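Those protein sequences? They're chains W and A, same order as listed. Residue 246 in the working numbering sits at position 246 of the first sequence, with consecutive numbering throughout. Residue 550 in the working numbering sits at position 550 of the second sequence, with consecutive numbering throughout.
These are computed hints drawn from the structure, not numbers from a lab. Small disclaimer: the values here were computed from a predicted structure and weren't measured. The beta carbon of each residue, even a glycine, is placed where N, CA and C say it ideally should be. Accuracy of the hints is not assured; some may be wrong.
Among the chain A residues that face chain W by a calculated CB cut under 7 Å, a handful are [to be verified]:
no., residue
1, Trp323
2, Ala493
3, Glu518
Which bits of chain W does chain A cover? Going by a derived footprint, with three or more residues having C-beta under 8 Å, they are [as the list claims (entries may be wrong)]:
no., segment
4, 13-19
5, 41-53
6, 108-115
7, 319-329
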Amino acid sequence: MIAADLRIDHLRPEELAAAWRFATEPPAGSRIGDVRRGLVLVLRERRPAVLADLADGFVPLPPWLPRDRPLDAAALRRLRRERGATWALAAGADAVRRLDEAVAAAFDPAADLLACALPLAQAVREARLAGELLFSPSLLDDLPIPSVASVRSAFDLVLPDDRSALLYAFGAHGLSFGFIVEKRQGVVARVAGHDALGGIAVRGAHWKAAVPRILAEAGSRFAPPAVGVFADESVLRGIVFGSEGVALPRALATRDVIVDPLPAWLGVLLGLDTAAKAAGTARSLLRRFDPLGLADRLDVGRIAGEVQRRLGAENPLARVLGFDPLAVLSRLQQWREL
Amino acid sequence: MIAASLHYFRRRTDSVPEALAALRRLGADAVESPVPWSVHDDGRRVAFDDDGAHLVAFLEATAKAGLGAVLRLGPVVGADLTGLGLPRHVASDRELAARGPDGAARVVPLPPRWFLAPSYDSRTYRARSCAWIAAVAEVVRPFLAPGGPVRNVLIGDLWPFAGRSPVGSPDFNPDALAAWEAARDAAPPGERARMFGTAPADAPGDGGPAGILAGIGLGRFAERGYAAWLQALAGTAAAAWPAAGSPAPGGAGSSAALGTTLPAAGIFPPVGAGLIGRAFDAVGLDALAAPARPATLERALRLVAGTARRPLASFVAAGAPIWLPPASSSDPLHELRACLAAGLGGVVLSMGVGRDRWSGGLLDESLREHESAHRFRRLLHGLGRSSWLRGRRRPSAALLVPRDYVRGALAASAVLAGAPAAGLAAAFGFDPASALDHADESPGGGAWWRWLETAEAALQELGVPYDLVDDEGPAAIEAPLLLVPTLADAPRATLDRIRAQLARGAAVIVGPSTPCRELASGDNVPAGLPAPVAVPTAALLAAALGAAHSPPPAPRLERSVLLDDAGAAVGLALVNRSPRELPLGLALDGVEPSLSWSDLDEPGCAAAAGTVPPGSVRLLVPGARPKEAP
Numbered sequence: 001m002i003a004a005d006l007r008i009d010h011l012r013p014e015e016l017a018a019a020w021r022f023a024t025e026p027p028a029g030s031r032i033g034d035v036r037r038g039l040v041l042v043l044r045e046r047r048p049a050v051l052a053d054l055a056d057g058f059v060p061l062p063p064w065l066p067r068d069r070p071l072d073a074a075a076l077r078r079l080r081r082e083r084g085a086t087w088a089l090a091a092g093a094d095a096v097r098r099l100d101e102a103v104a105a106a107f108d109p110a111a112d113l114l115a116c117a118l119p120l121a122q123a124v125r126e127a128r129l130a131g132e133l134l135f136s137p138s139l140l141d142d143l144p145i146p147s148v149a150s151v152r153s154a155f156d157l158v159l160p161d162d163r164s165a166l167l168y169a170f171g172a173h174g175l176s177f178g179f180i181v182e183k184r185q186g187v188v189a190r191v192a193g194h195d196a197l198g199g200i201a202v203r204g205a206h207w208k209a210a211v212p213r214i215l216a217e218a219g220s221r222f223a224p225p226a227v228g229v230f231a232d233e234s235v236l237r238g239i240v241f242g243s244e245g246v247a248l249p250r251a252l253a254t255r256d257v258i259v260d261p262l263p264a265w266l267g268v269l270l271g272l273d274t275a276a277k278a279a280g281t282a283r284s285l286l287r288r289f290d291p292l293g294l295a296d297r298l299d300v301g302r303i304a305g306e307v308q309r310r311l312g313a314e315n316p317l318a319r320v321l322g323f324d325p326l327a328v329l330s331r332l333q334q335w336r337e338l
Numbered sequence: 001m002i003a004a005s006l007h008y009f010r011r012r013t014d015s016v017p018e019a020l021a022a023l024r025r026l027g028a029d030a031v032e033s034p035v036p037w038s039v040h041d042d043g044r045r046v047a048f049d050d051d052g053a054h055l056v057a058f059l060e061a062t063a064k065a066g067l068g069a070v071l072r073l074g075p076v077v078g079a080d081l082t083g084l085g086l087p088r089h090v091a092s093d094r095e096l097a098a099r100g101p102d103g104a105a106r107v108v109p110l111p112p113r114w115f116l117a118p119s120y121d122s123r124t125y126r127a128r129s130c131a132w133i134a135a136v137a138e139v140v141r142p143f144l145a146p147g148g149p150v151r152n153v154l155i156g157d158l159w160p161f162a163g164r165s166p167v168g169s170p171d172f173n174p175d176a177l178a179a180w181e182a183a184r185d186a187a188p189p190g191e192r193a194r195m196f197g198t199a200p201a202d203a204p205g206d207g208g209p210a211g212i213l214a215g216i217g218l219g220r221f222a223e224r225g226y227a228a229w230l231q232a233l234a235g236t237a238a239a240a241w242p243a244a245g246s247p248a249p250g251g252a253g254s255s256a257a258l259g260t261t262l263p264a265a266g267i268f269p270p271v272g273a274g275l276i277g278r279a280f281d282a283v284g285l286d287a288l289a290a291p292a293r294p295a296t297l298e299r300a301l302r303l304v305a306g307t308a309r310r311p312l313a314s315f316v317a318a319g320a321p322i323w324l325p326p327a328s329s330s331d332p333l334h335e336l337r338a339c340l341a342a343g344l345g346g347v348v349l350s351m352g353v354g355r356d357r358w359s360g361g362l363l364d365e366s367l368r369e370h371e372s373a374h375r376f377r378r379l380l381h382g383l384g385r386s387s388w389l390r391g392r393r394r395p396s397a398a399l400l401v402p403r404d405y406v407r408g409a410l411a412a413s414a415v416l417a418g419a420p421a422a423g424l425a426a427a428f429g430f431d432p433a434s435a436l437d438h439a440d441e442s443p444g445g446g447a448w449w450r451w452l453e454t455a456e457a458a459l460q461e462l463g464v465p466y467d468l469v470d471d472e473g474p475a476a477i478e479a480p481l482l483l484v485p486t487l488a489d490a491p492r493a494t495l496d497r498i499r500a501q502l503a504r505g506a507a508v509i510v511g512p513s514t515p516c517r518e519l520a521s522g523d524n525v526p527a528g529l530p531a532p533v534a535v536p537t538a539a540l541l542a543a544a545l546g547a548a549h550s551p552p553p554a555p556r557l558e559r560s561v562l563l564d565d566a567g568a569a570v571g572l573a574l575v576n577r578s579p580r581e582l583p584l585g586l587a588l589d590g591v592e593p594s595l596s597w598s599d600l601d602e603p604g605c606a607a608a609a610g611t612v613p614p615g616s617v618r619l620l621v622p623g624a625r626p627k628e629a630p
């Protein structure tokens with residue numbers, strides 16, 4: 001999916017820093033923590049041996065953590081919560097050896113990154129099932145691992161060949177970050193920052209006025225856009241990090257998020273998601289005056305499925321991948337509760 | 001040398017002169033570029049004058065612009081290239097790849113394409129890499145200094161062993177195994193018994209004493225193999241050069257230097273700074289480390305500064321690679337100042353001109369100045385005006401780093417967390433030894449590291465200028481105080497350093513244990529070494545230096561005066577490690593009272609004023625002196 005001669009250019013440091021902040025520092029109230037806060041617990045014969053905190057380096061093991069018996073998921077979760085980490089990983093030399101061997105086995109000089117890396121997901125799962133590797137929270141344990149072909153199909157659906165995709169976020173002072181991704185011959189051939197468009201000025205709150213020009217310029221300098229997401233950064237953070245259930249439908253309605261062009265697959269996906277979110281909101285509201293617990297009988301998934309059936313729409317990505325990526329995002333948004 | 005990077009192979013030939021002129025205006029006196037093997041060799045022919053591979057045109061333009069040139073020949077040059085600059089026919093050839101114990105080729109899983117790590121002992125790889133160096137040396141020959149622009153030629157890999165520590169991941173390429181057997185057979189009997197198992201797979205074993213010793217032996221063997229390969233490359237280059245009447249770089253009559261580089265991994269680089277410092281005068285530090293681990297970079301700077309004969313900063317980031325988290329420091333010049341404060345005698349700012357797979361730099365791809373460029377310009381012009389780069393630090397203390405203990409720590413951490421973990425931990429700034437048992441006084445334990453950290457903290461508390469010195473390095477130690485972490489098993493190089501210091505009457509503090517056995521041979525160590533000190537406190541160090549424990553102006557402020565060959569002060573570096581802002585007047589109290597100081601990056605002659613903020617580095621040069629009478 002990535003060209004060997006992938007070109008990444010015109011990324012200003014400020015833009016890169018803003019994107020990094022966006023990805024790693026969730027807004028207050030988010031159920032996803034700061035992903036820079038992580039723990040790596042080194043196991044020796046499955047027992048805790050050494051603890052590394054990404055923020056503080058190697059730190060002593062807490063006294064309550066038993067060194068004389070294999071680590072379990074509950075202890076890892078407690079360790080994570082106690083140190084205020086967003087994620088924790090426990091692994092020993094046997095897991096590292098397994099993954100090392102998987103890397104060697106997966107290498108194919110003619111294959112691209114996806115074809116080499118996807119078999120690693122299976123090796124990770126096997127290591128986890130063998131008890132050599134533990135994650136906390138265990139968010140994606142039961143997610144099916146798609147085949148290389150299905151990921152390629154999904155990618156082709158999302159971004160067809162000789163088309164480009166744009167993701168722009170705007171803050172109070174104008175552009176926070178903007179990325180343009182161009183796909184050629186089945187692979188991402190170029191990723192560029194906003195400067196690649198020749199310096200289109202974006203003024204603070206008036207960013208919506210710049211969208212048509214950005215799209216036109218992207219179309220002339222890159223492959224024609226297939227999808228473009230332009231958003232107020234704080235609203236986009238609220239959507240991605242899930243601090244509010246109905247943030248996406250509302251943002252689309254208020255045009256705090258503009259999707260232009262809107263491809264058919266995304267239209268279907270957004271419609272289904274909106275239906276599911278609406279059902280979820282109804283349940284939340286119902287709970288407030290629901291002493292009999294009726295709200296819990298309101299099955300959000302069933303309602304979304306019913307909407308889907310009645311609309312005659314099918315989630316195209318779920319069909320190709322074997323799972324619904326928006327459902328995965330929803331699950332990730334429950335991070336702190338796991 | 002004040003160089004800025006411009007990747008000629010990423011620009012059109014006709015745009016190079018304009019870019020060189022822009023760099024010159026910014027204050028650079030030289031331009032640096034990798035010469036990637038993959039760009040010039042498509043597997044069918046090696047070319048240096050094709051479109052996109054116009055090395056010759058680049059060097060001609062550099063000469064015309066009156067700039068010097070620094071060339072990095074690799075073979076692994078990095079530069080965010082696919083395969084890190086190795087051509088596809090090398091990066092995918094299993095025959096010349098390093099191998100694991102099961103014979104599988106070692107893969108480097110870096111995007112956008114994974115590739116195979118070459119084996120430094122593979123005869124095929126040696127032949128092919130030497131052929132590459134010979135080809136490029138032939139092209140560079142007419143451009144060597146003093147007649148041409150090429151002042152520095154750097155060879156060797158960006159990150160030796162491709163991120164793995166050879167101590168935990170021995171190479172099982174058949175040629176490497178044969179070389180290991182030859183080294184074992186040639187070793188003295190005592191060393192053979194202790195430092196070599198029956199096979200490389202025996203090391204580091206289960207982490208027991210014998211396994212750790214074998215791991216140390218394996219590390220020595222692998223690092224020497226790398227150094228021997230580097231010398232083969234250097235020999236190939238040198239062989240091409242004198243034939244044309246150009247003196248060999250580094251040789252008599254030449255002002256071009258042949259050097260190599262080390263990555264910034266604290267005191268845990270994949271190859272010892274001492275070992276390669278013996279092979280090359282010029283050793284460059286690629287001063288790029290994870291932003292969250294500033295101590296890693298500082299230790300690496302001091303290690304290269306204290307060990308190499310001609311230390312350079314071969315890569316100082318201006319801008320950032322897109323694959324590292326952006327630095328949180330508000331001062332984009334901090335790393336550059338830190339390099340200069342450590343006394344590195346030349347800098348390469350990367351990137352001078354923006355490029356693919358990089359964010360920022362001095363100039364963007366269209367040669368427009370980035371936001372921070374004016375600050376770099378002031379500092380670079382200040383460097384050009386001053387004699388800073390001709391100055392040398394005179395540290396009051398040297399902290400010896402026994403390389404065999406480093407190898408022991410890498411071996412123990414590979415046992416603890418898996419073979420690749422040792423190299424990865426070092427690469428990401430997690431000092432592998434800090435994961436080990438601090439009470440364990442064996443070469444596979446963490447007691448020596450705890451002692452070294454304590455000694456370093458005491459030096460920093462005192463504000464004493466100090467260097468780290470690899471015990472296998474070439475340079476004589478001139479500091480009046482030497483601090484040495486020692487265990488019962490001590491490397492011969494460490495013992496030799498202690499004895500040399502004692503012979504010249506310098507103070508030596510060792511600990512936590514008394515050396516009683518030579519590590520490799522197991523021979524007893526004769527008496528006469530100082531008694532060990534369990535905890536090297538600031539008070540103890542102050543007493544050894546004959547200094548007061550809390551001297552003015554303030555503790556945790558390091559003041560290093562740089563002196564030229566005549567002994568005149570040419571610079572003063574202030575490193576404030578205290579949490580407080582220090583008034584400059586207080587910081588300068590008692591330093592060369594006859595001189596006035598001005599900031600290196602201030603264009604005028606105004607005396608420096610203000611403060612030294614916490615965590616910052618401030619560089620001063622002697623102020624204007626009265627003109628001498630004609």
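ask   = So which hints don't hold here, by number, going up?
value = 1, 2, 3, 7
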